[in-house]
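Protein chains: 2
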Amino acid sequence: MAETVTYRSSCPLASALDIVGDKWSLIVLRGFFVGYSRYGDFLKGPESIATNILADRLKSLECAGLIERTSREARAGYRLTRKGADLLPVLQEMARWGFEHIAERWQPPAWFMKAKPKDFYPKSK
Amino acid sequence: MAETVTYRSSCPLASALDIVGDKWSLIVLRGFFVGYSRYGDFLKGPESIATNILADRLKSLECAGLIERTSREARAGYRLTRKGADLLPVLQEMARWGFEHIAERWQPPAWFMKAKPKDFYPKSK
DNA sequence: CCTCCTACTTGCGTAATGCAAGTAATCCTA
DNA sequence: TAGGATTACTTGCATTACGCAAGTAGGAGG
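Going line by line, the protein sequences match chains A and B. The numbering of the first sequence is this note's numbering, which starts it at 7 and goes up by one. The numbering of the second sequence is this note's numbering, which starts it at 7 and goes up by one.
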């Protein structure tokens, strides 16, 4: 796994994709918005992510500053940072699009579509 | 290249990612919103996409119904369908996030941030 | 102490991406 | 209208990401 992100250009969209532009990162992020916080929670999601991919994604999201560990010890959980929580609108628009344009998708819950990034900011410390 | 999309789950977000969840699809889409329409246009973008990847992405986006060829002949251009144009909000939110959270990114142009998918719908026929 | 559970790592095969070169059908100029 | 330039790709091969199955390490409970 790469330790540092290398950007293809200075385009904000392209750079965002250099961080989350893969098959799994945004799925893992989605987990945080529905209340997941520990490794095992994500494994139980409906897409059945492989254990090595999950470990890898958690590391890269932490490395990119979108999530952080709740403690230094083993068996710690993870939580969103502001940077990570601020991706919520992207997930919302993507979910809206998927529901509208792909047949037979689950309807995104209203609470999810109405939520604000601030609702998921880490408790101030 | 796969001819048909296989969905990991019925989650609208996950399914959207099954279509555009890779390093390049949304970058190619971005091109259409800034006026690109032909193969060579996309090659000149700031991220220097490889020719084989571009050909592959154009095929898969067409296959998924996000874009269509302007004619059946060789040397044809491509254009967005409604389904493709409707992804604009996703790109906008991603660009907004990238500009806000990654240092020294280009500021997304105001016209881009204010644009509506309808502005890019194909001419009715 | 011994076993279970959680949180990972490792190994290995397949698929996606990246780079360079090649090709075929136009188009453009002389 | 011949011939080179241009456009729109394809092909081959190396590297990186993903997917599956199995293994390990360390704390928690009994």
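Read the hints as simulated data drawn from the structure, not as lab findings. Keep in mind that this is a model prediction, so the values were computed, not measured. Each residue gets a CB set at the ideal place from its N, CA and C atoms; glycine is no exception. Among the hints, erroneous ones may be present.
[Claimed, not checked] Just the calculated beta-carbon pair ranges, DEER-fashion:
{"id": "1", "chain 1": "B", "residue 1": "A116", "chain 2": "A", "residue 2": "V40", "range": "54 to 62 angstroms"}
{"id": "2", "chain 1": "A", "residue 1": "M119", "chain 2": "B", "residue 2": "R78", "range": "21 to 29 angstroms"}
{"id": "3", "chain 1": "A", "residue 1": "G83", "chain 2": "B", "residue 2": "R81", "range": "17 to 25 angstroms"}
{"id": "4", "chain 1": "B", "residue 1": "W117", "chain 2": "A", "residue 2": "A61", "range": "40 to 48 angstroms"}
{"id": "5", "chain 1": "A", "residue 1": "Y45", "chain 2": "B", "residue 2": "W117", "range": "24 to 32 angstroms"}
{"id": "6", "chain 1": "A", "residue 1": "E110", "chain 2": "B", "residue 2": "K129", "range": "49 to 57 angstroms"}
{"id": "7", "chain 1": "B", "residue 1": "P128", "chain 2": "A", "residue 2": "G71", "range": "18 to 26 angstroms"}
{"id": "8", "chain 1": "B", "residue 1": "S43", "chain 2": "A", "residue 2": "S15", "range": "32 to 40 angstroms"}
{"id": "9", "chain 1": "A", "residue 1": "E74", "chain 2": "B", "residue 2": "R88", "range": "23 to 31 angstroms"}
{"id": "10", "chain 1": "A", "residue 1": "E110", "chain 2": "B", "residue 2": "R78", "range": "28 to 36 angstroms"}
{"id": "11", "chain 1": "A", "residue 1": "A82", "chain 2": "B", "residue 2": "V40", "range": "37 to 45 angstroms"}
{"id": "12", "chain 1": "B", "residue 1": "K29", "chain 2": "A", "residue 2": "Y127", "range": "25 to 33 angstroms"}
[What the hints assert, rightly or not] Using 20 angstroms as the maximum straight-line C-alpha spacing, the simulated EDC-like pairs for lysine to aspartate or glutamate come out as follows:
{"id": "13", "chain 1": "A", "residue 1": "K120", "chain 2": "A", "residue 2": "D92"}
{"id": "14", "chain 1": "B", "residue 1": "K89", "chain 2": "A", "residue 2": "E106"}
{"id": "15", "chain 1": "B", "residue 1": "K29", "chain 2": "A", "residue 2": "D24"}
{"id": "16", "chain 1": "A", "residue 1": "K89", "chain 2": "A", "residue 2": "E79"}
{"id": "17", "chain 1": "A", "residue 1": "K65", "chain 2": "A", "residue 2": "E106"}
{"id": "18", "chain 1": "B", "residue 1": "K65", "chain 2": "B", "residue 2": "D28"}
{"id": "19", "chain 1": "B", "residue 1": "K89", "chain 2": "B", "residue 2": "D24"}
{"id": "20", "chain 1": "B", "residue 1": "K124", "chain 2": "A", "residue 2": "E106"}
{"id": "21", "chain 1": "A", "residue 1": "K29", "chain 2": "A", "residue 2": "D62"}
{"id": "22", "chain 1": "A", "residue 1": "K65", "chain 2": "A", "residue 2": "D24"}
{"id": "23", "chain 1": "B", "residue 1": "K124", "chain 2": "B", "residue 2": "E79"}
{"id": "24", "chain 1": "A", "residue 1": "K29", "chain 2": "B", "residue 2": "D62"}
{"id": "25", "chain 1": "A", "residue 1": "K29", "chain 2": "B", "residue 2": "E106"}
{"id": "26", "chain 1": "A", "residue 1": "K50", "chain 2": "B", "residue 2": "E106"}
{"id": "27", "chain 1": "A", "residue 1": "K89", "chain 2": "B", "residue 2": "E74"}
{"id": "28", "chain 1": "B", "residue 1": "K65", "chain 2": "B", "residue 2": "D92"}
{"id": "29", "chain 1": "A", "residue 1": "K65", "chain 2": "B", "residue 2": "E74"}
{"id": "30", "chain 1": "B", "residue 1": "K29", "chain 2": "A", "residue 2": "D47"}
{"id": "31", "chain 1": "B", "residue 1": "K124", "chain 2": "B", "residue 2": "E74"}
{"id": "32", "chain 1": "B", "residue 1": "K65", "chain 2": "A", "residue 2": "D47"}
{"id": "33", "chain 1": "A", "residue 1": "K29", "chain 2": "B", "residue 2": "E9"}
{"id": "34", "chain 1": "B", "residue 1": "K29", "chain 2": "A", "residue 2": "E9"}
{"id": "35", "chain 1": "A", "residue 1": "K89", "chain 2": "B", "residue 2": "D62"}
{"id": "36", "chain 1": "B", "residue 1": "K122", "chain 2": "A", "residue 2": "E68"}
{"id": "37", "chain 1": "A", "residue 1": "K124", "chain 2": "B", "residue 2": "D28"}
{"id": "38", "chain 1": "B", "residue 1": "K50", "chain 2": "A", "residue 2": "E68"}
{"id": "39", "chain 1": "A", "residue 1": "K129", "chain 2": "A", "residue 2": "E110"}
{"id": "40", "chain 1": "A", "residue 1": "K129", "chain 2": "A", "residue 2": "E68"}
#### Entry: Structure versus earlier hints, numbers of those that do not hold, lowest first
1, 2, 3, 5, 6, 7, 8, 9, 16, 17, 23, 25, 26, 27, 29, 30, 32, 35, 36, 37, 38, 39
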